[in-house]
Amino acid sequence: MSDTVTTPARRRNYLNADYGIKSWLLTQDHKRIAILYLVSITFFFVLGGVMAALIRVELATPLGDMVEPDTYNRLFTAHGVLMVFLFLIPSIPAVLGNFLIPLMIGAKDLAFPKLNLGSWYVYNLGAVLMVVALLRGGTDTGWTFYTPYSSTFADSEVILTALGAFVVGFSSIMTGLNFIVTIHRMRAPGLTWFRLPLFVWAHYGTSLIQILGTPVVAIAILLVAAERLLHIGIFDPALGGDPVLFQHLFWFYSHPAVYIMILPSMGVISELITAFSRKRIFGYKFVAFSSLAIAVLGFLVWGHHLFVSSQSIYAGLIFSVLSMLVAVPSAVKTFNWTATLYQGSISWQTPMIYALGFIGLFVIGGLTGTMLATLGIDMHVHDTYFVVAHFHYIMVGGAIMAYLGGLHFWWPKITGRMYSVFWSRISAGLIFFGFNLTFFPQFLLGYMGMPRRYHAYPEEFQILNVLSSAGATILGVGYLLPLIYFTWSMRYGERASDNPWGAYGLEWETSSPPPTFNFDEPPVVTTEAYDYLAMRDKRVA
Amino acid sequence: MRKNVPLFPEQASTLAGEVDALYLTFLGISVFFGLLVAGLVIFFAIRFRRRSPDEIGRPEKAGILLEIIWSVIPLAILLIMFAWGAKVYVEAFRPPGNAVEYFVTAKQWMWKFQHPQGNREINVLHVPLGQPIRLTMTSEDVIHSFFVPAFRVKADVLPGRYTTVWFEASKVGTFHLFCAEYCGAEHSVMGGDIVVMNPADYELWLAGRDSGPSVVASGEELFRVKACNTCHRPDSATLAPILHGIFGEEAEFQDGSTQIVDENYIRESILNPTAKLVKGYKPLMPTYKGQLTEEEVLQLIGYIKSLASDATESQGTVPASGSPALDSDEG
Ligand code: HEM
Ligand SMILES: [Cu+2]
Ligand SMILES: [Cu+2]
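Protein sequences appear in the order of chains Y and D.
Just remember that this note's numbering sits 120 ahead of the position in the first sequence, which is counted from 1.
Just remember that this note's numbering sits 51 ahead of the position in the second sequence, which is counted from 1.
Source of the hints: derived by calculation from the structure; they are not laboratory data.
These figures come from a predicted structure and were not determined experimentally.
Check each hint, because a few of them may be wrong.
As the list claims (entries may be wrong) - Straight-line alpha carbon distances no greater than 25 Å define the calculated SDA-like cross-link-like pairs of lysine to any residue that follow:
no. : chain 1 : residue 1 : chain 2 : residue 2
1   : D       : Lys277    : D       : Leu322
2   : Y       : Lys405    : D       : Lys163
3   : D       : Lys158    : Y       : Glu188
4   : D       : Lys163    : Y       : His351
5   : D       : Lys138    : Y       : Leu442
6   : D       : Lys158    : Y       : Ile352
7   : D       : Lys340    : Y       : Leu359
8   : D       : Lys340    : Y       : Leu365
9   : D       : Lys222    : Y       : Gly310
10  : D       : Lys277    : Y       : Ala358
11  : D       : Lys112    : Y       : Val448
12  : D       : Lys277    : D       : Arg318
13  : Y       : Lys658    : D       : Val123
14  : D       : Lys340    : Y       : Ile438
15  : Y       : Lys405    : D       : Lys138
16  : Y       : Lys405    : D       : Arg109
17  : Y       : Lys405    : Y       : Val251
18  : Y       : Lys405    : D       : Ile119
19  : D       : Lys112    : Y       : Gly310
20  : D       : Lys340    : Y       : Leu442
21  : D       : Lys158    : Y       : His351
Looking at chain Y on its own, in the form it has when it is part of the complex (with noise of 0.2 Å):
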């Protein structure tokens, strides 16, 4: 229990339980699928970057000098594809949430192991219907597929790529079924709902959308299909159909969808915050329904992408003051991290340094978000790099830093051991530092009216085109550096202890790395969350 023992070398964990390839790929521990996940959203990662540099090197001078017109609309196609679908949906819920979800509650594993198996393997049969995609040609839709072009005209992989995003989508399905299940029916006793981690909170939000959101995109995708193979008109006005349905459909699953991508960065956040201040979260059911709320919120905002795409003025007015509405509740988080450190104990270790970063980064993609959802704004900067800033502040700025925070949080939990304190903070600065430099131009580059998705633009757009080129490069020696001191700590790192920073919470509790079956013996919660007080009242009992 305590956290300053080391722990016995040659434990039996669940790293070392069995070495077998066969036992990783027919395993059913939640927390080597986790792993699994882990492989493959980063070989991902580090594909979807390579298309960015791609991008970024093309951008850094107006003419469309290095590759053809059609070859940059696939570069950034692949780049969102694969960055949306195959790495940040899956990212934190498929990697952190697998791991800790069941640690954190108490748990043996999740409620369905072999599901949880399976979510991994259709999540990697979609991945190799997109990697075919990809080496066929690829898709030149961008990820939003907008009809009638991706359904009529366009003369790429796209029924493949579709077909992929499609198939990833059940397992996401999977896996946040899985989750609230598992949250609803295996807690610990004692573990009531409001003594739950914030984490938990975030993922089971997140949940709710996964199960219903999914399907409708799911319906969009088929229906661009048997517009393409079977002519039947749906989207194509030339069939009869309407291009603008498409666009409901998609945004009424991918408006959501993007809270499947921050949503639980925001719990990991909670996380991190009152674990580097030692102290409970202010306002504990402010932010934990505020995860509800957004889940919820987030369904009725589709409309504010179609501002002006010949929706009725009205139906702009209420996307417009709905998306108001959806901002309130990751003000009233911001604001309750915020009060948590005061008085608090802080330190500043790696995780934190991305916890504190992810806060200003959220804050501006936050309030460009509400400026979009302004109609008299949205109208000029609509299809902007403004919008390409925006959510980029929210996707890599804070999934991304929260997502990484998280690793570096938790990393001694999943591997039993430290990595370099100083290479970490180095590589946190320069993500901080490169990440502004490459978005913040982009917001500037949108207010002057240079459209996204364009492969040459206008000489007067080329000074800050060039800052972003040069900030993405400094990004990604910053992203790269993780990659290499993470894979030389699984086996020259220091041993880590089962709770080296001091912190509250279940998962903590058994060892680094945790048993097959997580907790010797099974756990029962007496205490409220992050009550750092009772903790230390107990270790000098």
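Guided by the hints, dock chain D with the ligands onto chain Y, whose structure is given.
Just chain D with the ligands now, kept in the frame of chain Y:
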């Protein structure tokens, strides 16, 4: 002239100032809240940094009052910004009554324009200063988006229906036109120029080239050539409804429903006449699908709009020349 404004777009329409005021105000509010949060985070992180390894934080009781304050204040600010943004948006999408109508047909990857006087242009549109101009737009293939940053206007251009946007240029010069909706290989070069001219220069420009028949005249010609006039006669409503004066009025259909006659309705009536049958008529009208180009449909619509009930006023006339506010600053 374009090159030396690297951080902010030119303001070249009556709307631009309003959009910028809204944006800059919101930016100010954002900077304030951004700095407030960042400042507090940094201050707390330093002021309350851990001083001994075993130290823990001092929890405070939940502050319901604080929670309410920091929910209600942002909400109030956001609602105000919503209302202000809504006002600007409604203005931008409701053309004033005196706006002159130009037609825009987009296709992969070019913009085709027609002036009411009949002039056609590709990828360049000349417009007079100080005259509200309304664009009725459609696409021949995929979705495009008409975007002129200097005017702060953007509207998607869709196949199979009309969308409109309007502007009143307030500065003489040449401004970027971009396609803002991704539309395929040459999306990034599907742009052009909007050339704003003093009204007198615009008149000269128009006079200096062969404009061809005006939109209304072309429509009238088509109305005859395509034999629309065999049924739609100005004097007899037996075979088909009289078209004079229908634009903007309510049409009543067989099933009892009604609709205001607008561009999209006329388009549908030409291309898919049986979709909505006007009360008292049989489904006699043949479809003209495939027999008219998008531009011809627009000309027919222009003609029908010009058929006022008293047959005196016609839409789409040349803007009055010699308007006030002659700006001497040439682009
Ligand atoms: C404060 C809350 C937020 C508000 C009010 C907001 C508002 C908006 C609006 C109005 C747009 C549409 C802009 C346009 O297309 O013209 C937009 C785009 C977008 N937002 Fe947000 N947003 C918020 C938070 C988020 C979050 C949390 C995420 C993701 C985790 C996100 C991701 C995106 C993405 C991906 C797009 C654009 C997608 C595309 O067009 O490809 N936003 N946001
Ligand atoms: Cu959205
Ligand atoms: Cu385009």
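Which numbered hints does this structure break?
Hints 2, 4, 9, 13, 14, 15, 17, 20 not satisfied by this model.
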